[in-house]
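Q: Listed here are the chains, written in short residue letters.
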Amino acid sequence: MKKPELLSPAGDLERLKIALLYGADAVYIGGYFNLRANTPNFTIEDIKEGVDYAHKLNKKVYVTVNIAMHNKEYEKVRPYLEELKKINVDAIIVSDPAIIQMAKEIGLTIHLSTQGSTLNKKAVEYWQNEGVSRVVLARECTKEDIKDIKEENNIELEVFIHGAMCASYSGRCVLSNFLTNRDSNRGGCSQICRWDFDLYNEDKKLEGEKPFTFCSKDLSLAKHIPDLVQLNVDSLKIEGRMRSIYYIATVVKTYRKIIDEYCDNPKNYKYHEEYEKILDEVANRDSIPQFFDGNFGKEVQYYNGRTETTNQDFIGLVLEYNNNLAKVQQRNHFKIGDNVEIFGPKTNIKFKIDEIYDEDMNRIDVVRHPKQIVYLKVPEKVDKNYMIKCIDKKKNV
Amino acid sequence: MGKISVIISSIKQGIDLKDMVDAYLLPLKDLSINYPNTFSISEIKKIQKLGKEVYVFINKNIHNNELDILKDNLRKIEKLNVDGIIFYDIAIVQLKKELNLKTDLVWHQEHLTTNYGTANYWYDKGVKYTYLSSELTKREIEEIKQKAKCKTFINVFGYLPMFTSRRHLVKNYMDTFKIKENGTKIYKEGKYYNIDDTKNGTTVYSDYILNIKEDMSADYLVFNGNMIEEKIFKEVLKDYKNNKFKEETGFLYKETIYKVK
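Chain order of the listed sequences is A and B. All the letters of the first sequence, read from the start, carry residue numbers 1 to 397 under this note's numbering. All the letters of the second sequence, read from the start, carry residue numbers 1001 to 1261 under this note's numbering.
Isolated chain B, as found in the complex (with noise of 0.2 Å):
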């Protein structure tokens, strides 16, 4: 079975499930999006003296000024010995090589690690593991467990990233609009989508919350706990094959189409 990694939204939190899981996986603060709860190195240090793997999340585009605050942050985090980081701009792979850093990455391009030949690729280039998208179906991460060399991550638990942008949707709506409360969601056909607006940009939520109850051929099962309860995120890690909650598989049998004539 996979390790049970966790997305956490606190350090309380992440003491209080200590003993049910093996991963922690951390966004890092200012350079990580797609996550309302971030952490700083103390913080990470805070959650490695725990004494469980603990991978950082860089997965924000770098914007071309932000390349020395990536920097910075990458020497700091070589010297936390940490297992590895996980990362989207192509930039942190250039920069790991030209910083010597001994960090192992873990390729996690959102919504476009979604075959085997692409994560065999980053593998040759020293890229230990693959965060596999959320869009693929069961046999195809079946069929990616079996032929890439790299080992997997996958979303097992949490609300999905659907839409990431450099634009400020929500505000720019507000202030076009001079409405003073803030957007949190968008409705449409009968669904709620969280929506995020935060100074690195505006990201849209899965209106479900993913929660596979089945065997996963994967090494790392992620469960992450952003805008979930704590009491019910806790109670689906105490035995997520079993947990009480509604079954949400995603695109597990789902196939996506993209020739519709």
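Looking at chain A on its own, in the form it has when it is part of the complex (with noise of 0.2 Å):
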């Protein structure tokens, strides 16, 4: 049985590091022409770092340039893929096939970005013979169209398991363009899909007890690890490029957890009902499986406005550790007497705070400052990159 790859997103050189450390067999990274402009991004020099650092691990890293290009991209995007061979990107993710024509030219290896949306095996066929070593499947694909796909054609397939999901078909949504002079496939999305709207039948209009909006629950295949297993799809791929170091180590090391127990033992392996608790700690919002299962009614509307979950409940990163105690950087409140759990990516301790010090080893009762510096003293010998959560923080909805 192959172990699939899992592919974490990474925004930045600390969150590529900690996906990788999490469990990550590959990351993917967004440069330059990518679909998330207003995040701050790899610049060659990060992307070049970042690449040195995943290959020391045997891991991959993957540069998005994803947009769909007008004139004055086409004109500027050759010596970006250039620089992108020249530092050893494993791939680039592209739409546009002008890209794609530019990167074979270059001798890239060359992944088919979702927002390609291709649903079918004609489709990967073309983009097969046109020298494509990998397809992201749509969204919309179902558990039977990913088998035939695969069955059909000889090349990689990348299906996403986790985060998100664009309302619209990828790539057939320009609502920010229009409503805010954003363009969307050029990496301004500013989440219209998210927004309330009156509902009218003509001049009438139709109250629900929620406001109608295009939002869709999050998408989550934890359950359905197996089936991706056994469908032999390459690349297990969850979302969220602009998601914090607390959410990428929380969601990595729960799939790694699942894809290892699985391929490791497939006859013995049973799901638990845990990892879906840990995943839905860190979500913003429900998750369902979408259209894998072929269901796309109203189960997948999610009508609880814009709130969105924050994880306060990250109290923590452990920078280093000495004599049992744990140098740590402060992400949120946290105080003696917090019942807490340290986690690494094979380490779970749970502990009640008793000693914390300050950078002048003076003894202190509340750590309130956003990136302390204190020391905690903790049971167990950890890690720099362990994060701590507060067990006894609520999620803040």
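Calculated directly from the structure, the hints in this document are not laboratory data. Keep in mind that a hint or two might mislead.
Below, a sample of chain B positions facing chain A; criterion: calculated Cβ distance under 10 Å [said to hold, decoys possible]:
#1 Leu1095
#2 Thr1113
#3 Asn1115
#4 Thr1118
#5 Asp1124
#6 Lys1125
#7 Ser1134
#8 Glu1143
#9 Arg1166
#10 Met1174
#11 Ile1186
#12 Gly1201
#13 Leu1237
#14 Leu1252
#15 Lys1254
Result set (DSS-like, lysine-lysine): computed pairs, CA atoms no more than 25 Å apart in a straight line [as the list claims (entries may be wrong)]:
#16 A:Lys381 to A:Lys350
#17 A:Lys104 to B:Lys1149
#18 B:Lys1254 to A:Lys204
#19 A:Lys76 to B:Lys1138
#20 B:Lys1076 to B:Lys1199
#21 A:Lys143 to B:Lys1199
#22 B:Lys1128 to A:Lys205
#23 B:Lys1259 to A:Lys72
#24 B:Lys1128 to A:Lys104
#25 B:Lys1188 to A:Lys298
#26 A:Lys17 to A:Lys85
#27 A:Lys205 to B:Lys1199
#28 B:Lys1259 to A:Lys48
#29 B:Lys1180 to A:Lys210
#30 B:Lys1149 to A:Lys205
#31 A:Lys267 to A:Lys3
#32 B:Lys1138 to B:Lys1254
Just so we're clear, the structure is a prediction, and the values are computed from it rather than from any experiment. All C-beta atoms, glycine included, are put in the ideal place defined by N, C-alpha and C.
Dock the two chains into a complex; use the hints.
A: Below is the structure:
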């Protein structure tokens, strides 16, 4: 049985390193000409550092170059692709065929972005013939679609398994362009699909208990990992290049466990509801399998407004460990007496905080200041980049 | 001047406009989206008899289980000898090759047909026409016309699709909140947008009717009569540059941005 790649988003170098540490086999990142224009993104130097870092771990970095170019981008993109080739990225993720043509000429490995909305085996065959080595399938594909496409083509398939969904077919939404003058297909999406609207039948307003919205629940295929492995899917992709290190660590670690547990012992594999609970704790919205099981009825919609969860239970990041003390960077308020859990890629330690020291080693009771450096007594050895969550804090919805 | 090309709502309307148009663009029944009125193969034949150029929209995203119906329709259209198939899904390019079809193709990935380089990519693959995105500036359209090898279509009149989803967004809302009447419009910040939930999914249209009256560099100027009173549509076609309705230039002079920081 082939173990699929676990592919994580990474919005910056810190998140890239966290994703790989917590079990991702590969990360995808954005530099220029990608669909997250309003995040910090990676410079060429950052990409090189990320690629070198990943390659030392025998892992991969894919770079998204997935905008629908206008003329001015078309004239600028080639030198960027040449730079990516020089720094040895493992693949670029592309939707515009003109970039595919250039990437072929330059010798880059090409993955077709989900922006290509590839839903059928004939479209996959076309791209295979064009030299694309992997297709990221459209999120509207069902399990049966994936099965048929995989059986009929000799090409790698990548499938989204977790994260937010576009309400539209990818690439078929310009609500941002019309309502906010921001080009959604060049990285400016202002997420109009999350807005509330009034719905009318001609002149009559139709009133439900909640306002009308296009907003969809999120995707989670945690329960369906065995199906995806059996379908011989090559890469399982997590959405969310703008998500935090805490989110990345939690989601990647959870899927790493599920994939490993199933692939290492499929006969005795049992799905643990606890994984779903962990994923729910860091989620913004309810999650469901979406189109995978062929269901896109009313259950896919999310009518709970724009309030989104913040992960206030993430209280600190371990910077180093010495003599029972973890040097910690604060991420949210915590205090003596809090019940916490420190987790690393393969570790979970629960305990009650009873000793905190400031940078001058004075005992303190409360850690209030963002990014404050403190020392925390912990019962077992921990490592750099372990994360601390407060298990007393409920989801702040 | 570009050829006057129309998207009509019925055969009757097509006949009525016969002397004012050069080409008909007909959304194919079951395989097109974003046009409330579609045409069967036999209806397309009737329009062909009017002696004008005929292009057929097959512009929905093709799901894997729709490939057979797509193939069947492509074969039927091949026999009609129409002037082109206006496509969205790349499966159509693959099937043209596999089925050895001679019908020309028009690249029309709605909002993604945005530069001359990609138009030339498709031209080199045998796609002779590009139907440009409506989110382009006039300068971009002119540059594409100058540098692309293909012939171009552009929208100059009618409502514009802004959003297409597989989901049944209106039906899902009505089912969730047990509402009996069908939602046909959505409202936000002083503007109403038509919304149409069909068996193929949901489309949302612009709040305005595009109405470009100036000269445009394109081979085909597309006038979309869907959701427009037939009388008004005919009035526009009589002399579109001097029509009495409100001018609306869309994105011609409104360049979109994507980096806001």
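Q: Going through the earlier hints one by one, which of them does the structure break, listed in rising order?
A: When the structure is compared with the hints, numbers 13, 14, 18, 22, 30 turn out to be violated.
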